[in-house]
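Chemist: The numbering used here applies: residue 124 is where the sequence shown begins, and numbers increase by one.
Do not rely on the hints blindly, as some may be mistaken.
[Stated by the list, open to error] Quick list of the computed label-pair ranges, beta carbon to beta carbon:
1. Lys353 - Pro256: 35 to 41 Å
2. Leu132 - Gly245: 20 to 26 Å
3. Glu317 - Tyr131: 27 to 33 Å
4. Glu317 - Val159: 27 to 33 Å
[Said to hold, decoys possible] Listed below are the simulated DSS-like cross-link pairs for lysine-lysine, each with C-alpha atoms no more than 25 Å apart in a straight line:
5. Lys130 - Lys346
6. Lys274 - Lys290
7. Lys333 - Lys290
8. Lys321 - Lys155
9. Lys257 - Lys290
10. Lys203 - Lys280
11. Lys257 - Lys307
12. Lys155 - Lys130
13. Lys280 - Lys194
14. Lys321 - Lys274
15. Lys249 - Lys203
16. Lys307 - Lys274
Just so you know, these hints were derived from the structure itself, not from any lab.
For every residue, glycine included, the Cβ atom is placed at its ideal position computed from N, Cα and C.
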Amino acid sequence: MAKKGKKYLEAAKLVDRSQAYTIEEAVELAKKTSTVKFDATVEAAFRLGVDPKKADQQIRGAVVLPNGTGKTQRVLVFAKSEKMKEAEAAGADYVGDAEYINKIQQGWFEFDVIVATPDMMGEVGKLGRVLGPKGLMPNPKTGTVTFDVTKAVNEIKAGKVEYRVDKAGNIHVPIGKVSFEDQKLVENFNTVFETMMKVKPAAAKGTYMKNVTISTTMGPGVKIDPATVK
124 MAKKGKKYLE
134 AAKLVDRSQA
144 YTIEEAVELA
154 KKTSTVKFDA
164 TVEAAFRLGV
174 DPKKADQQIR
184 GAVVLPNGTG
194 KTQRVLVFAK
204 SEKMKEAEAA
214 GADYVGDAEY
224 INKIQQGWFE
234 FDVIVATPDM
244 MGEVGKLGRV
254 LGPKGLMPNP
264 KTGTVTFDVT
274 KAVNEIKAGK
284 VEYRVDKAGN
294 IHVPIGKVSF
304 EDQKLVENFN
314 TVFETMMKVK
324 PAAAKGTYMK
334 NVTISTTMGP
344 GVKIDPATVK
């Protein structure tokens, strides 16, 4: 295990690891324990009682944070004719078809999210090998394969974040920046928490919400008591 720095260790002393806090207390603590000089991202982590190996317990989707993420996402839209115009009007950063597929094949990645209309997926699918490992492949479950490109672009620009359960049953979701007002981080967290409860698979057995923490980039995790989330 990597050795923790002095600043981290000092910050970690402020967090009582045996205690689960309310989200309000946790946000305050997480901000206080952020030791980096830049505006760190605040992230929520959920350990869920699911078995991701089973198809009916794989959780994946997207949620729009009421207060955004603090980061402007660069959106690339793959579409044809009218839908290209629609994507441009909605504020997509890049809109095209074959030319961008070629650019990506040559190693271009100046974007954060891809939206594709369903009729483009045959072409976009060719990029599976390069986009898949980076988690950039458009997917109907996250609303990024759609003919409603206006809605897709607007939501991404407004602060839509994707979530996906990993092999160990964990989900990590950014909920904003350290510079956000406490209340805005709390609202963003509550929206994500609510979503996690809604997507609970019917097949999940036992305790579903096993552990919830928030942390900042390079900062210690602060445990949240799920029972206190309104």
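Chemist: All the hints need checking, so say for each whether the structure fits it.
Modeler: Against the structure, the hints:
A beta carbon spacing of about 38 Å between Lys353 and Pro256 agrees with the range 35 to 41 Å that was offered as a hint. In this structure the hint that Leu132 and Gly245 lie 20 to 26 Å apart at CB is violated, the actual value being about 53 Å. Distance hint for Glu317 and Tyr131: a CB-CB separation of about 31 Å, consistent with the stated range 27 to 33 Å. About 29 Å separates the C-beta atoms of Glu317 and Val159, a value consistent with the hinted range of 27 to 33 Å.
Between the alpha carbons of Lys130 and Lys346 the distance comes to roughly 20 Å, so the proposed pair stays at or under 25 Å and holds. Of the pairs offered as hints, the one joining Lys274 and Lys290 is violated, with about 31 Å between alpha carbons and a cut-off of 25 Å exceeded. Between the alpha carbons of Lys333 and Lys290 the distance comes to roughly 15 Å, so the proposed pair stays at or under 25 Å and holds. With a CA separation close to 31 Å, the supplied pair Lys321 and Lys155 exceeds the 25 Å bound.
Annotation: proposed proximity of Lys257 to Lys290 holds, straight-line Cα distance about 16 Å (limit 25 Å). Distance hint between Lys203 and Lys280 is fulfilled; the C-alpha atoms sit about 21 Å from each other, no more than 25 Å. Restraint check for Lys257 and Lys307: the C-alpha separation of about 29 Å exceeds 25 Å, so the hint is violated. With a C-alpha separation of about 12 Å, the suggested pair Lys155 and Lys130 falls inside the 25 Å cut-off, and the hint holds.
In summary, the hint linking Lys280 to Lys194 is supported, as the alpha carbons are separated by about 9 Å, within the 25 Å threshold. A C-alpha spacing of about 22 Å is found between Lys321 and Lys274, which places the hinted pair at or below 25 Å, so the restraint holds. With a CA separation close to 17 Å, the supplied pair Lys249 and Lys203 stays within the 25 Å bound. A threshold of 25 Å between alpha carbons decides the hint, and for Lys307 with Lys274 the separation of about 23 Å falls inside it, so the pair holds.
The structure does not agree with the numbered hints 2, 6, 8 and 11 stated previously, though it agrees with the rest.
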